[in-house]
Amino acid sequence: MNPFVTRLSTNSIVLPLSAMMIILGVLISVAWIPETRVDRVATLDPDQRQRLGSSTAPGPQENEKLQERLVQLQSTVEDLQKNKTRLENAIAEEGGKTKVLNENLQDTKILAGLTEVEGPGVVVTLRDISDVKKKIDTPKESGGFGPMDDIIHDFDVLRTVNEMWNAGAEAIAVGGNRIVSRTSIRCVGAVIHVNDQPVSSPIVIQAIGDQKILASAMNLKGGVMQDLRDLEPGMVSVEPAKMIKLPAYTGPTSRKFITLPKDKDAK
Amino acid sequence: MILIPVLCLIVGILLGTLITQPLDAKYGLYVAVAVLAGIDTICGGIRSSLEQKFHGDIFVSGFFSNIVIAFFLAWLGDRIGINLFFVCALIFGSRIFTNLSLIRRFVLTRWQDARSRKQQQQAQSASTTQAQQQA
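For the record, the sequence lines run as chains A and B.
Take 1 as the starting number for the first sequence in my numbering and just add one per residue.
Take 1 as the starting number for the second sequence in my numbering and just add one per residue.
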C-alpha cells in the first residue's frame, strides 16, 4: 500500500500556501517581461535606460532651444574660422617665409575641409519615393518591395559619397554638411544624420571635381545609383553645376586623445 | 479564507516590483521556469488539501526544491547546449494542467454533492411535513 495515502491529514493549507504565494508573487514580478524591455529599450545600456525613464530628459521645447543654440554656435565657428584664415593671411603678408608656411597651412585646411570652397562639380539629389510620386503625380504603382525600399537610407548616401571620392571629388557636402575625415553618416531612427545633423529627403549631395567623371560615375550601369533607379528613376537626379560653393566643416574639431608620436629616429 | 493566499500573491507581486534593478535577460528565463514550478507546486498543494492529504512540510519543501531544480535544470541546459528549459516548461506545464483539472473535478463534485444533499434534505423535510399534515 502506498504509505503516503495512509497519512490522512487535516493540516491547514492556508498558512503555508499564503507564504508560498508571497514568494511566487515576487518570482513572477521578477520574471515579468514588460513590453518595453523586449523592445528597443532592451538594446539600451542601463545608463541610457535610466535617462529614458527619468523626468530630467530634455523635452521637445528644450530640444528646440538646443537646436537654435547649435545653429548659433555653428555660425560662430564659421565666423571664427574665416577670421582665423584672414589673420593667418595677414601674418603671411609680413614675410616670405611665413607666406610659404601659410600657403601650406591653407592647403591643409582645404584638405581638412575647414574652409569654404567653390568650384565646378555635380549635384546629386536623392528623394524618397513619396516625394517623387507627389511631384510627378502618377498613380501609385508597386515600385518597391515594401516601405523599406521606398526611402533613401543612410547607406545610399554613404555609397554615393564613397563613389564620389573614388571619382576624384575634391570636396563633398551632404545637405550643407561638409564631409571631412571625422564625418559620420548614419541612421538615427528614421532620419539620416550627417555630422550629427539631421538630413531629410530630398537629400542634396554636392561634389566639387571633374564634372564629366563625376557624372559618369553616378550614371554607371550597375553602379551605386542603379538600385534606386530600378525602383523609381525619379529618386535620383544628377546635374552638373558650373560653380558650387561648399560650406566649411562646423562640427567638433577638439581632440582629447591624439598626440603626435615622438619619433626618436627622426632627430 | 480563500482570499488570504490571493492577497498574499498580490503582496508578493508588489514586493517584487519594489526590486528596481531589472533582471538580466538570460536569468529571466530561469526565473520564468522557477515560476512555472512554483505554480505547479501550489496547484498540487491545493489539490492535496482537497484530497485531505495535505502536509505543510511536504508542500513547503516541494515548493522550494521544485523551484531550485527547475532553475538549475534550465541553467544547466544552457551550459551544456541542450535546451532543458523546454523540458521544465513541458513537465511543469502538463502537471499544472493535470492538477487544475483534478481540482476542478473535486470542486465540481463537492458542489454537486452539496446540491443533491440539499435537495434530498428538502425532499425529506417536505415528506415529513406531508406526513405530519396527514397525521
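Simulated from the structure, these hints should not be mistaken for lab results.
Quantities reported herein were computed from a predicted structural model and do not represent experimental measurements.
Each hint should be verified, as a subset may be incorrect.
Facing chain B, according to a computed beta carbon distance under 8 Å, are these residues of chain A, among others [unchecked claim]: (1) LEU17; (2) MET20; (3) MET21; (4) GLN197.
Note that CB positions come from ideal geometry on N, CA and C, so glycine has one too.
**Q.** Interface restraint verdict for A:LEU17 against chain B (beta-carbon cut-off 8 Å)
**A.** At 5 Å from the nearest chain B Cβ, A:LEU17 passes the 8 Å test, so the hint holds.
Q: Using Cβ atoms only, decide whether A:MET20 comes closer than 8 Å to chain B, and label the hint accordingly.
A: Hint on A:MET20: holds, closest Cβ of chain B at ~5 Å, below 8 Å.
Q: Grab the minimum C-beta distance from A:GLN197 to chain B and call the hint holds if it beats 8 Å, violated otherwise.
A: 34 Å, violated
**Q.** Hint check: 8 Å Cβ-Cβ cutoff, A:MET21 to chain B
**A.** This interface hint holds because 4 Å falls under the 8 Å limit.
Hint 4 from the list above is the single one not met by this structure.
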